[in-house]
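S.K.: Residue numbers (full-length UniProt numbering), protein chains in the order written: chain A, 1 to 509; chain B, 1 to 100; chain C, 1 to 86; chain D, 1 to 673; chain E, 1 to 506.
Derived by calculation from the structure, the hints in this document are not laboratory data.
Quick caveat, the model's predicted, so the values are computed rather than measured.
Yeah, the Cβ is synthetic: ideal placement off N, Cα and C, and Gly gets one too.
Don't take each hint at face value.
Derived Cβ-Cβ restraints for the label pairs, each shown as a range [as the list claims (entries may be wrong)]:
# : chain 1 : residue 1 : chain 2 : residue 2 : range
1 : D       : G623      : E       : P393      : 31 to 39 Å
2 : A       : T108      : D       : P608      : 37 to 45 Å
3 : A       : R159      : D       : S583      : 49 to 57 Å
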Amino acid sequence: MIIEALIAVTFLAALVTFVVPDRYAGKAAFALSLVPVLGSLYMWQQYDASGNALLGGSAAFETDIVWLQLGQYDLHWLVGVDGISMPLIVLTTILTTLAIVSAWTPITERQSQFFGLMLFMEANLLGVFTALDFFVWFVFWEAVLVPMYFLIGVWGGPRRKYAAIKFFVYTNIASLVMFIGFISLVFGLGDSISSLRLPEIAQALQAGQLGGFAGLSAGALASVAFIAMFFGFAVKVPVAPLHTWLPDAHVEAPTPVSVMLAGVLLKMGTYALLRFNFTMLPETARSFALPIALLAVASVIYGALLALAQQDLKRIVAYSSVSSMGYVILGLIAYTTYGVGGATFQMVAHGLISGLMFMAVGVIYNTTHTRMVTDMSGVADRMPVTAGIFVAGAFGYMGLPLMAGFAAEFFIFKGAFESTVMEAMPLFTAAAMFGIVIVAGYLLFAMQRTLFGPFEFDGDYEITEAPFHDVAPLAVLLLLTIVLGVSPDIFFTMIQDAVNPILELGGAF
Amino acid sequence: MVPGQYYLVLSAAVFCIGIFGLLTRKNALLFLMSVELMLNAANINLVAFSYYWGNVTGQTFGLFTMALAAAEVAVGIGIILVLYRNFDGVDVTKATTMRW
Amino acid sequence: MVYETIAFALFALITVGCSLGVVLVRDIWHSALLLGGALLSVAVHYVMLQAEFLAAMQILVYVGGVLILITFAVMLTRIDPEVSST
Amino acid sequence: MAGILEFAPAIVLLPFLSFLIALGAGRYMPKGGALAGIGATAGSFVLAVATFFAVSGGQTYNQTIYTWAEGLDAVNLTFGLLIDPLSAMMLVIVTLIAFLVHVFSLGYMNDEGETGLPRYYAALGLFSASMLGFVVSDNLLMAFMFFELVGLCSYLLIGFWFRQDGPPSAAKKAFLVTRFGDYFFLIGVVAVFATFGSAAFAGPDAFPVLAEEALHGEHSVNTFLGMGEEAWFTVVGLLVLGGVVGKSAQFPLHTWLPDAMEGPTPVSALIHAATMVAAGVYLVARMYGFYALTPTTLAIIALIGGFTALFAATMGVVKKEIKQVLAYSTISQYGYMMLGLGAGGYVAATFHLMTHAFFKALLFLGAGSVIIAMHHNENMWDMGGLKDKMPVTYYAFLSGSLALAGIVPFAGFWSKDEVLYETLIHGLGGSPILLAAYAMGLLAVFFTGFYTFRMVFLTFHGEPRTETARNPHGVRWNVKAPLAVLGVLAATAGFVNMVPVEKLLGIKGIDFLHQFLDGSFSSLNAHHYAEILPYSSSYIGGEATTVAIGAGVSLGLALAGAALAYVLYNVPEPVEHTEKLGSIKTVLYNNYYQDEYQVWIATSVVQPISRVLDKFDQGIVDGVVNGISSVSLFAGSRMKRIQTGVVSNYAALLTLGLTALLLGLGLIGGWFA
Amino acid sequence: MTPLQTAPVWTAAAPAIILAATALLLLTIDTIDPDTTNNGLLATTATLGSLAAGGVAARFLMAGTGMESTGGAISLYGDALIVDGMSLFFTLIFTSVAAMVSVASYDYLADEQYQGEFYSLVLLAATGMTLMAMSNSLATVFVSLELASLPSYALVAFLKKNRGSVEAGLKYFLIGALSSAVFAFGISLVYAVTGSLVLPDIAAGLSGADELVGVLGLGVLMIAGGFAFKTASVPFHFWAPEAYEGAPAPISAFLSSASKAAGFAVAFRVFTVAFPLGTISSLGPGGIDWSLLFAILAVVTMTLGNFAAATQENVKRMLAYSSIGHAGYALIGLAAITVDGGAANGNVLGASMAHLLVYGFMNTGAFLFIAMVEKWGIGRTFEDYNGIASKAPIAATAMTVFMFSLAGLPPFGGFVSKYALFYSAIESGFWWLAAVGAMNSALSLFYYSRVVKAMWIEEPAKSLEIGSQPVGLYGAVVFAAVGTVLLLPGFQPVIETAQTVAAALF
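Chain A on its own, in the form it takes in the complex (with noise of 0.2 Å):
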């Protein structure tokens, strides 16, 4: 019942929140999301599941209820927790939070509203990563949309309305694509399955229950599901050329929302494609190695190189979330412990530094409220700590071995490289590496032009450093991307053991 209680806490701090008067909202919804915090430790701390949830492992913390009997397949309540949610949970309670904290600042009109909202997209991001029942998972799934459209829409930039719509349609079809394709399974499955249980289906597609639906064989329809939840998910995560929501989302939002979005809602992609594509057809993934890992590579290096071309320091790390991500999905699309393995630990490690950029070019920015690299620079000078920290974030974010991302993107590589999904995966790997060095390009050209040189500025403000509860988002999260990077078996060990079930279905042992 922890999830439960988990997930039911959040949406009733996110309701105190919205009842809260604006002056004490932020701090108020700080003090609330410590439950979460503290809840999912505690529940990382009782871990006890082994395998993957999907594949008959056993799942931490599991409750499964029958909610909805519709036609023939029966709507649960199952949620339940393995090795790859549970790190993905941590995560999200502890990214709310600090994005939260690093709000304090920006946010100065309908406090309570925002602050309650965040909390209520935290409590569905916490269903999405734990309902083990397709329905339920959808429904949290979409209703993170919801409070990501007004988050964006009500207190975003300039353009934000554009933004907002254009994220929430996008992703929203997306979704419906994917909907369509993964029910079009469930219907290919026909009478082997009794509900839209995600274990169930997972295991009576291994055991080849898979029959043919709407004119289609059963290797056809599997096809046709996997592309059409691939689409539906890769515009989540996002894969070029499906990603141009994404910089405007972030551009306009404001920071603590481009830290959820970065940090958590993009995973939710990776994780959907990992737990459905990668996990339930994997035959269907494997035959189609070729363009995903081109989409891949492409992804990687596209998005790196417009990064190169961007002035806008919150544009030139959304770019950059394109090409890490890139990352997971080369990643995932290896079929090796290290692939998926350190595709599943990107994700977090991913969301830590994400986060920390994102944060950091807001503190930056609630300060000269520019973010143009042409507008300002030698911003280290009057803001040492900051810049001292956005430095060694933006190393992080270049893959600084003994920081996650190193990690990660190391474990990706090896995990791509000595895959066997086709004979060509090295040269791909080989490919999408270069984008370590594309992105040391322009996170070192920005950095060069607005922290380093001569102080210059244009605005009217005065440049002075950052009051402490916006560095302390920031220092927090260095000191977990570092800790998570020199000891990343704190995940990896409990990813790994999810994760391998998946592989031994494809034979990659």
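For this one, chain A is given, so just place chains B, C, D and E on it according to the hints.
M.R.: Showing chains B, C, D and E alone in chain A's frame:
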């Protein structure tokens, strides 16, 4: 005995004339009259086939139709009168404040 | 048999003719009048189909009720004979 | 000294501790945290020396100490320590130089009133720690990780004066160029893992050993892309070499190094002598067992080395700033080391790595001393006549210069000569490529002698050419002491390995370094490498004759270069003689346009591509997305026009619709039959 | 056969009787005190009457009245009316909508005249709808349909000084008159072929219609047209945008929710009972494939509704078009019926019914929110809605719930009902229909979210003032919102009931 098809043809003709009037005339009252014609076409069928089938169901329904036609006309004329008051006429094509 | 058919044809003609008149003549008064004719001829059909009661009702309700209502409405809504109908 | 090797981790951790102390508490400490760094590096040095002697005594250490990532059903990724003669030697060098640089920094930074000292000393501490971690790495992954950390530290230190325009730019360039090399290195690491399932340098799973066995058909490994084993090993070797080329500033990735002079001079000393640049060459030496298996790789290493040695030396001859000359000399000298490694002279290259560390650190610190004296003016044309004003600096510097130029009996002579000698005999043994490399290396000797003494003469001899040169700023003990130590070392370090003397005079047993490096792990010693090398040796006349000819020629060339410099520049009023070079001058001033083409690639190729892609992304990719919505909305706006507002039209459309349905359904249903 | 152990058979029609009686009671009250300015009594009476009828219907549903568990459908008045689960289910929709509309009208009509007539017309229309759901003969279908329509015409034109309202009334009436003529003619043709008007008898008489399949087909098509008018489906939808836009907003709510549902109720019954697909599609050479007909109508209706809604500037009109779109979704219930569908037929029909119930809440709520905005006198376009949330967050939250639920987003009732609908359609093999529906849902999100955007995201105009806090409207809107949300977790009983009662039709 006149074959049923004849009545079908007759009623169809009347129905079509009704539709024709409805489509070509702008006067709301003529619209009403055309509808009356169409309803009568239905009634012709009903009565004719009531006769052929040898039950009174059709005739009974014909009565309902008449009554409802009358009620409809009453409501319609009410509406036409307010139309007249608001739009200074009974031209149905004049009331186009809402479109698209 | 033949008489019946002839009678049917005759009244069918009247019905159709009057109906056409309703929708074709310019003056709305004439339309109303022709509608009355059409309705009456329909009543004759009813009689031929052994639905005398319905025929009576047709005359009472339609010609007696509906037509008069329409006439009233025509009177009430008539602004200018030239533009009242086209 | 039993068990001293158990303390080896402390060698790495002490500087790391000083990093933490300086970062956290540096601002509250006297000297801005310098003392912590000095103490830590001194401690490390003591431990390193102890380790060195323990290793000399035959002890070794190869242990995993931390499992970084445990693989379930997959390989573990670990950290471990490998202490063998090579790493022990390197530990001593690094800790010594780091210690001296810390001391020197007291004079260069603290006494000059710099701000941000805690940051400086923290980075210095981390730099030392990273390099030491790299040196003791027992596997390629760990090596890579510390390799990268070294890169980070160089970035932080080169860009130390971030409030100016130059240093951040140079720092960025340094990191970026080396990152480009590291890209290949990382692929190499991954490939090694994928190929051998292990990246250990030593022990039963050592990948060089596995590779050797694989080539002998005793062990099977994974190869990729349909390549044979030897071809694949060559590819892997070259990939790792990418990192080496970047970090050790070999052609064509050497461009960052001259720019890196923007950093504080002690940092330059550290980077050039013992840490970052040395890391590349050290890596090749570390996994020499792997490189020795593939002749193609060796040939490429030798060629790169020889070419770089010559190439950089020619650029050094026209530079105006003292540190620039030194920078190019560094590139050139590392070229020699690469040449040595590529030519099969494992010991020779290692030897040169050692001697170079001493004399190059010396030269940089000496240059730093001069720069202090000159109030941070680095232009040699503004100096002159300094030898009387600062004799300690002068004699130390001269010792270093003689070593650099390769004048007997200074350290550089012995090591450089051995490198060239190894190249020569192996080249004669049937590898014409090596002969070409040898020729380049030999030619570079001349240039080295020339630019070295041009520098010495311009700086110290003649008449002072500016006011500052006449009244230089004094330097304190903290500058002089390191110079003195290194000056002695530069003069004497060569005696540990006097192979020519041994060969010519037949005195056995004075090639201490050879003996030292022959010890310990059987798969990691010089002896083993010599066995697996694909070279054979051949001599001109006898062995002794060859030695004599080689040494004579190189010494002669060095002296010739020095003499030319003497003629041209050891005059009271030296002038630039570059006009005589004609158009070559421009080329040399511009460093063969190496920078230009790399900048051109960055700004005129990559940036436009990224801009075009950005346009493409905003216009086409996003345009499609927006287009779909626009089309939908347009369709909607057309579709709603049906609703004309005229009720008659509605009736007509309704009838029409009904008719259409009637026709459609009727045709399907055959109602009209 | 008795609904309750001791009650006589006619009590099965109690919901309709209660509604009619309440309408008469309202007229009586109005007669006693025609000039009253306090409409609390009228609104309360109307609400209580609706609730009572709804309560009885719910009680019957739970008791299983007219369902197989208690002996099957109860037919009244010579098979003219029939009480079964489906009629009760729809009665529940009508009455809950009527109740919400009545409560909301308390504020909306505060300054209007003829309030007694208004409420009694609403309840009479509701009675007509209830009867529609109970009709078992084409005669009663026609009469009850007119009973529901005639008050609606008057209600739409209720604001007789308002040109929009009058125009809406006129158009509604004219198209309605035309449609009823078409409908009547269709009935006459069916009668001509089968010789009966009672639905099961028509089905029995179909077998001899091989010769006259064309006539029968035309009749069926015209009858479908009559229903299409009532449900605002293409091509009989033309009245809807104007009528919904021009009518008083509570009436728009009433028409677009209850009246539409009534149309579906009667269409479901007539087509499944009188024209069983198995029989009618095998007549003559090609038969009359009304499943195909509805499939076409469904696709065209939902596409047209959604596309036209996407570019509206007027929120009410946007909702009007969206309501057309939703008619398209509900049509899937008929379109996805197959000859050998078996249980799947009942499932898809039931899913459609369940969707109509959820739709009743969310759509009524949305229109009532518009009513509230009209009451505030803010304006009708999206721009006028800018920043409403800053002044009236609760109402705006409710409206947000309606919009997202209408778009089919979780976590609201509209999501699960749409899911059930599309799911059942796929189950019947009409995956392409579900796909079109889903695609349209995606498009609809765009315009629904525009409302939300306007309310929450846009800056309010300087002049934005919200005068009053209408209690009744707030109550109704919040009630609808709570209902919309609760229908997600509480969807189980709804869909179960709907599918059970729908299965009884086959």
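S.K.: Each of the hints needs a verdict: does it hold here or not?
M.R.: Against the structure, the hints come out as follows:
Checking the proposed 31 to 39 Å range against G623 of chain D and P393 of chain E shows it holds: the Cβ atoms sit about 38 Å from each other. Checking the proposed 37 to 45 Å range against T108 of chain A and P608 of chain D shows it holds: the Cβ atoms sit about 41 Å from each other. The hint said 49 to 57 Å for the Cβ distance between R159 of chain A and S583 of chain D, and at roughly 55 Å that hint holds.
The structure shown violates none of the earlier numbered hints.
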